[in-house]
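Undergrad: For reference, the chains in residue letters:
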Amino acid sequence: AQKVTQAQTEISVVEKEDVTLDCVYETRDTTYYLFWYKQPPSGELVFLIRRNSFDEQNEISGRYSWNFQKSTSSFNFTITASQVVDSAVYFCALEGGSARQLTFGSGTQLTVLP
Amino acid sequence: AAGVIQSPRHLIKEKRETATLKCYPIPRHDTVYWYQQGPGQDPQFLISFYEKMQSDKGSIPDRFSAQQFSDYHSELNMSSLELGDSALYFCASSPSPGGPGGKLFFGSGTQLSVL
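Protein chains in written order, with the numbering used here: chain A, 19 to 132; chain B, -7 to 107.
In case anyone wonders, no lab produced these hints; they're calculated from the structure. Each hint should be verified, as a subset may be incorrect.
[What the hints assert, rightly or not] Each pair of labels, with its calculated beta carbon distance range:
| id | chain 1 | residue 1 | chain 2 | residue 2 | range |
| --- | --- | --- | --- | --- | --- |
| 1 | A | T96 | B | G94 | 19 to 27 angstroms |
| 2 | A | I29 | B | G76 | 38 to 46 angstroms |
| 3 | A | V64 | B | G76 | 21 to 29 angstroms |
| 4 | B | K5 | A | K88 | 39 to 47 angstroms |
All C-beta atoms, glycine included, are put in the ideal place defined by N, C-alpha and C.
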């Protein structure tokens, strides 16, 4: 069975602060994929990043960075210099095995205050 | 660029009625996925189709059925609606070849309210 845990239900920060969203996963698959999606108030799911289980390199994309650590089964997401437009629910998701199914975490509601 | 199109955006039904949700994938995407997101919940996988055949099945109730047509659009049919079916229903598509770990492109969802 696969499981994704996002322990932070809600986070509030003031604009320009850095914020890290935690994600811990469980899987028995040796090959798996991790994703982050953003769901703004408008409701759509926006793809942010994908990582496979063999690639532990951290990645930076603009103000976004991701820290994948297999040893702790974590795939954390950091937003640097947060902006009000970053306010959204952020979902971490896992795909493992042969089935093309995403298992989502419960999401973290990020509110960036002006 | 064309995105995944879902219709309708909003749907209001009463208990025991039926509903049909439609999904038009991105052109040349042959795989379609359906997810259900209840209020304050994470999206749950329902079912997927590849080349018009069901490929995976998740937590889809027996009251629901789905299919993918020759033009690759998909429809989710929901019968005997219950209050608990109120949710945001997402469709996603992925391109061919759609191997594991491929990026899913999500539509904006259909918000179904059952009264």
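Undergrad: Which hint numbers does the structure go against, in order from smallest to largest?
TA: Number 2 - this is the single hint that the structure violates.
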